[in-house]
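Asker: Protein chains in written order, with this note's numbering: chain A, 1 to 210; chain B, 1 to 973.
No wet-lab data here; the hints were simulated from the structure. One or more of the hints may lead you astray.
[Stated by the list, open to error] Simulated pairs of lysine-lysine, BS3-like, Cα-Cα distance not exceeding 27 Å: (1) A:K81 / B:K679; (2) A:K64 / B:K711; (3) B:K809 / B:K819; (4) B:K711 / A:K81; (5) B:K711 / A:K65; (6) B:K693 / A:K68; (7) B:K679 / B:K592; (8) B:K819 / B:K791; (9) B:K693 / B:K711; (10) A:K68 / B:K711; (11) B:K700 / A:K81.
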Amino acid sequence: MAGQSDPNLSLFSAEEVEFIAEDEMVEIVPNLRMDALNFICGDFGPFFPQMATQVPLWLAVALKKRGKCTIRPPLWMSVEKLTQVLEAERDSQRVFEQLPFHYVEISRLLFDHARDDIPDVYMVRSLVEDIRDVRFHKVETNLETLNERALALKINNLSAMEVNIVRPFIGRALQAFYKHDSPELIPDQERISDRRPQVANNAARRHLRR
Amino acid sequence: MSQAKPISKVAMKVRSVKLREAHKAAAASANNGRGSFCSVLWDQQALHLVTASSSDPSISIHDPLQPSSAPKILRHHRDGVTALAISPNSTCLASGSVDHSVKLYKFPGGEFETNITRFTLPIRALAFNRSGSMLAAAGDDEGIKLINTIDGSIARVLKGHKGPVTGLSFDPNSEYLTSIDSSGTVIYWEIHSGRTLHTLKGIAPDTGSDLSVMNVVSWSPDGETLAVPGLRNDVVMYDRDTAEKLFSLRGDHMQPICFLSWSPNGKYLATSGLDRQVLIWDVDQKQDIDRHKFDDKISCMVWKPIGNALAVIDVMGKYGVWESVVPSSMKSPTADVPNLQSKHSNGLLLFDEEEQGLSASGSLSDLGEDSHGESEPSTRKRLRKQSAYDESLDEDGRDEWNLPPKVESRKKVNHVHKESLNNRNEGLRRITTSASPKMQEAFQPGATPVRDGKRRFLCYNMVGSITTIEHDGYSHIEIDFHDTGRGPRVPSMTDHFGFTMAALNENGSVFANHCKGEKNMSTLMYCPFSTWANNSEWSMRLEGEEVKAVALGTPWVAAITSFNFLRIFTEGGLQKHVLSLDGPVVTASGFKDELAVVSHVSDCLPSNDQMLEFRVFNIANGTQPLRGRLPLTPGSHLTWFGFSEEGQLSSYDSKGVLRVFTSQYGGSWLPLFSASKEKPDENYWVVGLSANKLFCIVCKSPELFPQVMPKPVLTLMNLSFPLASSDLGAEALENEFILNTMHLLQIQKRIEEMAGAGLDTASLDDEAFTMEAAQDRCILRLIASCCNGDKLVRATELVKLLSMEKSVKGAIKLVTALKLPYLAERFNSELEQRLLNENQGTKQTILPTSRAGVGFSKNSTSAETKETSEAVIPLSSPKLTAPLFTKKTKSQEGTKFGIKKTEQNQTPLPDGGKEDRAKNCREGERDRGNVSSTIKSSIAFMKSSDKQEVKRGEEKQVEAHRPSNPFRKSSIR
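Based on the sequences and whatever the hints tell you, model everything.
Answerer: Written as structure tokens, this is what we have:
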């Protein structure tokens, strides 16, 4: 896929998407006693040992790195649930299963930092990867059906990472279709695009000419 | 020997017993030898007679009512049939053969079912247990196989006999199996464990290689005695449990007995000897009552299940029915049949699902008939005619209803079978316990029971946990703190003592073990976590005495022993006190200075209620501040006992009710949590509690205890009173209201204590103030819901409970908004009353108030005496002390206002009224003070109390939305 091969073309880099995902809440079990933390994004805690509490992922990872907590993997990150999702994904060609918007990033972060807190980590990891592959493949095959009559594209339950990859391509593809479909609009379109930021404009044009 | 034997009857019977040819091959083989062992049996309704011979591969099912008609022949074996058995409900026939196989048939149809097992040598004996779920088979092989009749699995192989096993008998209670071999050795087996209980060598005649005669054993139908042929031509009775010889029946047999059979009621015994006689015995009288001489040896006999008859078969394969065996003057052999359990058990279900599914009608009639017969043991009408079948058809409809659950139960019979054995044992145990309810054993709070091969908690509390696992005779103990940052790191220990209890706090841990044997002494060991001296752990050995419970506090260690001694040690191991307790200890818990011990008061009630008593010792002062009975939910026992984070005594029982001790009503236990109101599939394993929350580990039912791995996570549960469901529909609010009241009282008590000890109560005052504010908010919301629910009287009661004036005003606003002008008027008059009382109270209560002031804030000593300072005290903490005032001034006011009651015409609620008065006093006093001079007072205030207090006071005003005081405002202006 266009976006997957060339990260420069996507709107955000993978790291940026991950950064956004770090604001998702996860449950941790701290092993220290600590007063409440007051941040711009909100107040978390107070923390009591062995009592589960909700914190953003970035805080969880930070605490985990210092050995101050264990992260409880979210409910969807269990082998049963993921197996279910994977089967459902494989069964239907068009529909995407409901998964957290940031499932790729969350699972990645947890695999990197909290391997010991996830039961059956290898299984879970391979399941998540399988699900991701199946879904990307589905997106790709679905995009093949994109034709000149399409004015817009609606895909439900697409996750952040997936949408980040396909968005530039779809945008440009639709634009191209539109352009080729009605040649009289080309100057018009270009005039409009002049007002847009220069970078995006250039990138789009280069791609289309290729 | 019976002298009164009617000879005429014997003569009559000689005519009556006619033997018919059943197995000609037997007779044929008999010509060249000694005959062959033949078997006979009745089905349960006595509708069929089944015969077989060890020299004939066919099994015959005869109809005793039509003896001349041809029997139904089952030819499935390839060699002689040596053993027959029928399931107790007569749905299943089993046969064992010289061809090494055991086959099952449907009965009475005779359809071949399955080869349920095979041996390597001929089968000699078969027996069903009473429920029909198990078949025992044995023969020349070395082992006795116990076969699950449902799935054909081999439940057990019992090995112990040295020769061919010729007889098997299940004890009617299905606890034991006895077997006998051809050398005369009898073995008692315990079925559920497969162990040999007793081996009786050579108590029966050695039949050697004579295959026409087989040694047999037989349990009496009540299961109390076992009949075995004896060595002296007699029958010897052995005891059920001890296998001791009880008595023997000796009489006219000239040669050893080769077969015996109990009558269905166990009153009579039929024996056949090698001397070709059959004798009938009255077992109770130990006398033979009748006899019959046959042409050949009788190899098998069986009493008719219904009626007074005995079926016999001889070694030539000839069978017959001896009618009216027992003289009519005596009790019938089927009267008073002992009714043991499991008449209707899964033995009914010996056949496959398809039978019930596909050919429902056929099988239903079979099953129906049989089960019907079971429920009516003596239906003689069946014997009348062949048409018994037809009769049973109309009952099928009824029996049909019984089927589904049975089918279900069959699927896990393997399981059920074992369970049923266990259950029976448990049942017995339960019977013994219910006969005399048991006092609960001593336990440590926060300990889990031993699990094989798994780590378990010796102690789990809010500080950390101590776990242990036994491994190769010694244990590994690990101590973990929940707060890894603060707690010391304790290396894991190898424990050679096998500690079974432990307690843990921040400073150390104490361990103790139970005596395992006589040599093993009970040891108590204390390990401090951090100490300045090396080797500061210590241990004590208690000779002849066993530690039952341990507890830990700062700085003491307590152990309660089997002698009901409470031994108190210091942290360093000094033996400080030894006290004698009243009763056997249940558990103990420590918190700082305080040790709480629960002990039995008496044996428990017949209703299985434990009678427990608790007492609290203050170790530092050497006092016993509290003592009383420990309440429990009826029928439950104590499962956790300890202190809350704040030091409140708490208990949790097996019915899931948490109780907290309070000083209210002279010291009472409040039920603060009930597991039954929570999710039904969860069990709560209590770890601790704070003022508002219960800390517990949630275990999914039926699990009662948490596992060590994965690390359990504490769950917070809200405390709640078990309130009745009121018409208001605001349980949460009502609950909050009561909880707040309780907390307020607790705070006040502590303030009093602190003040009594001359300590600073400022922080507690703050707490009390925020609590009061919260309480007022709660009351306001309750008023709102009362108004919505049209409970106006309740609303006015609530208004009187409001502690702040602002709240009363808020309440007035609320009811005005709700368009209840009448109520608003009442509230207004309530407010007016308050203001009025204030002014009245001012004049009289200045002196008492100032006196009371001494009580609650001693820190402001210098200013106390000054007139001006009177304004100061309330300024520093005006509202918070209201309830305190109430208490202090109650008595004084009582006397002072006693005279002026008419003038005051107070509210009917005495408490509320007094509180109001107290408030009024204060307000009025402040009024005066303010009027006199604000500046002065503020200066005095600065002098009297430190600056922080001022700040706090101000903060409080901002934070807690203190009601604006009209008087003060005016004075500031």
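Asker: All the hints need checking, so say for each whether the structure fits it.
Answerer: So, going through the hints one by one against the coordinates:
1. A:K81 / B:K679: holds (23 Å)
2. A:K64 / B:K711: The given pair, whose Cα atoms are some 16 Å apart, holds under the 27 Å limit.
3. B:K809 / B:K819: Holds, because 15 Å separates the two Cα atoms, which is no more than 27 Å.
4. B:K711 / A:K81: holds (22 Å)
5. B:K711 / A:K65: holds (19 Å)
6. B:K693 / A:K68: The given pair, whose Cα atoms are some 24 Å apart, holds under the 27 Å limit.
7. B:K679 / B:K592: Since the Cα atoms of K679 (chain B) and K592 (chain B) sit roughly 35 Å apart, the hinted pair is violated (cutoff 27 Å).
8. B:K819 / B:K791: Satisfied, since the Cα-Cα distance of roughly 14 Å is no more than 27 Å.
9. B:K693 / B:K711: holds (21 Å)
10. A:K68 / B:K711: Holds - the C-alpha atoms of K711 (chain B) and K68 (chain A) are around 15 Å apart, at most 27 Å.
11. B:K700 / A:K81: With Cα atoms ~20 Å apart, K700 (chain B) and K81 (chain A) stay inside 27 Å; holds.
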